[in-house]
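Enquirer: Using the sequences provided together with the hints, build the complete structure.
If you count the sequence shown from 1, position 1 lands on 1 in the numbering used here, and the numbers rise without skipping.
Calculated from the structure, these hints are not laboratory results. Glycine is no exception: its CB is placed at the ideal position from the N, C-alpha and C atoms. One or more hints might be untrue.
Each computed DSSO-like pair below joins lysine-lysine, with the alpha-carbon atoms no more than 30 Å apart [claimed, not checked]:
#1 216 x 236
#2 23 x 216
#3 263 x 312
#4 138 x 46
#5 144 x 189
#6 284 x 263
#7 312 x 236
#8 184 x 23
#9 236 x 184
#10 283 x 211
#11 189 x 208
#12 189 x 216
Distance ranges between label pairs, derived from CB positions [stated by the list, open to error]:
#13 284 x 167: 27 to 37 Å
#14 233 x 37: 49 to 59 Å
#15 29 x 220: 35 to 45 Å
#16 222 x 23: 22 to 32 Å
#17 284 x 43: 32 to 42 Å
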Amino acid sequence: MSVENIYKVVLYPFINESIASLKAMTNLTGTAGEPFMDKVEDFRFKGYAVCSDVTGNLDGVIMMHHYPETAISIGNAVCQSMFDEKYDCTEITEDLSNALAEWGNTIVGRSTDLHSRYNLDYGFSSPYFVNDMSDMDKYLVGVKEIVTVPITVEGAGRYYFNLLVRSVDYQVSEVKRDESTGIKNSHTKPLPLDATVLVVDDSALIRKALKRMLAKLGYNNLLEADDGRSGLEIVKTGVADFMFMDVVMEDMNGDEALSEIRKAGSDIPVVMLSSVTDQTLVKKCEGLGISGFIFKPIQASNGADIISHYLKIA
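Expert: Put into structure tokens, the structure is as follows:
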């Protein structure tokens, strides 16, 4: 398969989404360069990468690959946009690591959802992070070709998309990004300000951001959990009046926790959060009874306004 076809079929949705999410989550502007073939023997790790394994009719790894200084600049910008505060970190702190993870999860989640709509015979793993140069050799085992696309970010530097290909065999058409922000809440009665709101997300950064947005709206009785199972246990105590819950989490995903919550007889209003816009998943959650579905990202500039529309009960 030619560079152009591999780029359009596999890389284009990731690159398109990374530039769109970069703008949405940092207000930075990215521009994609022309794709080219990297020499496998000359390929070098730049210091920080978000990776997703590709399996099925395409066997390989896709990487969003940064120099550390670029990762730091983007991480600062994500935090600044999310919290409306100045960030000037000079190394990858816990906050920056969480910010970069959220950006990477958003990109991979939305991009792989685009691919899935076309019934392709390959899939992507959940994103993971590589920041140790000694780990790179294992990703190059069996790689026959590498397609690289540089992304220049105004004022921040450059990052790269690399597709490390071991084997490939498929035919597909171009996919386009869904600009929808979510499924709206049909309820109209505002949640009282003294209600207790539970925030369930495995990202500490997202929990922190949502709690700030809720506080801005006047909700100060806030609880948090970092996975679906913990959220389920809190709901069982009866202390929460409303909850926001991520879908993809470790231990128990949000849709699984939602199912268990309903089986337990709780009718607590739940708003789901996800970077994955898969309509099958949305319909599944709607069938279990939700008060809306928010597609990430949400930022300080619009987050309070967005979530205020969902703080309604029947």
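Enquirer: Compare the distance between the alpha carbons of residue 312 and residue 236 with 30 Å, and conclude whether the hinted pair is satisfied.
Expert: holds (21 Å)
Enquirer: Does residue 184 lie within 30 Å of residue 236 when you go C-alpha to C-alpha?
Expert: Roughly 26 Å between the alpha carbons, so the hint for residue 236 and residue 184 holds.
Enquirer: Residue 189 and residue 208 were given as a pair; does the straight-line alpha-carbon distance stay at or below 30 Å?
Expert: Distance of about 26 Å is within 30 Å: holds.
Enquirer: Given the range 22 to 32 Å, decide if the beta-carbon distance of residue 222 to residue 23 lies inside it.
Expert: This hint holds: roughly 30 Å between Cβ atoms.
Enquirer: Compare the distance between the alpha carbons of residue 216 and residue 236 with 30 Å, and conclude whether the hinted pair is satisfied.
Expert: holds (27 Å)
Enquirer: Has the given pair, residue 263 with residue 312, been kept, meaning a C-alpha gap of at most 30 Å?
Expert: With a Cα-Cα distance of about 22 Å, the restraint between residue 263 and residue 312 holds, given a limit of 30 Å.
Enquirer: Evaluate the given range 49 to 59 Å for the C-beta pair formed by residue 233 and residue 37.
Expert: holds (51 Å)
Enquirer: Given a hint of 32 to 42 Å, does the C-beta separation of residue 284 and residue 43 actually sit inside it?
Expert: holds (40 Å)
Enquirer: Is residue 189 within 30 Å of residue 216, Cα to Cα?
Expert: Given that 30 Å is the threshold and the Cα spacing comes to 19 Å, the pair holds.
Enquirer: Residue 23 and residue 216 were given as a pair; does the straight-line alpha-carbon distance stay at or below 30 Å?
Expert: Holds - the C-alpha atoms of residue 216 and residue 23 are around 24 Å apart, at most 30 Å.
Enquirer: Keeping to a limit of 30 Å between CA atoms, is the pair of residue 283 and residue 211 held or broken?
Expert: Cα-Cα ~27 Å, so holds.
Enquirer: Are residue 138 and residue 46 close enough, with their CA atoms no more than 30 Å apart?
Expert: Given pair residue 138, residue 46 holds - Cα atoms ~15 Å apart, limit 30 Å.
When each numbered hint is compared with the structure, a violation occurs for hint 5 only.
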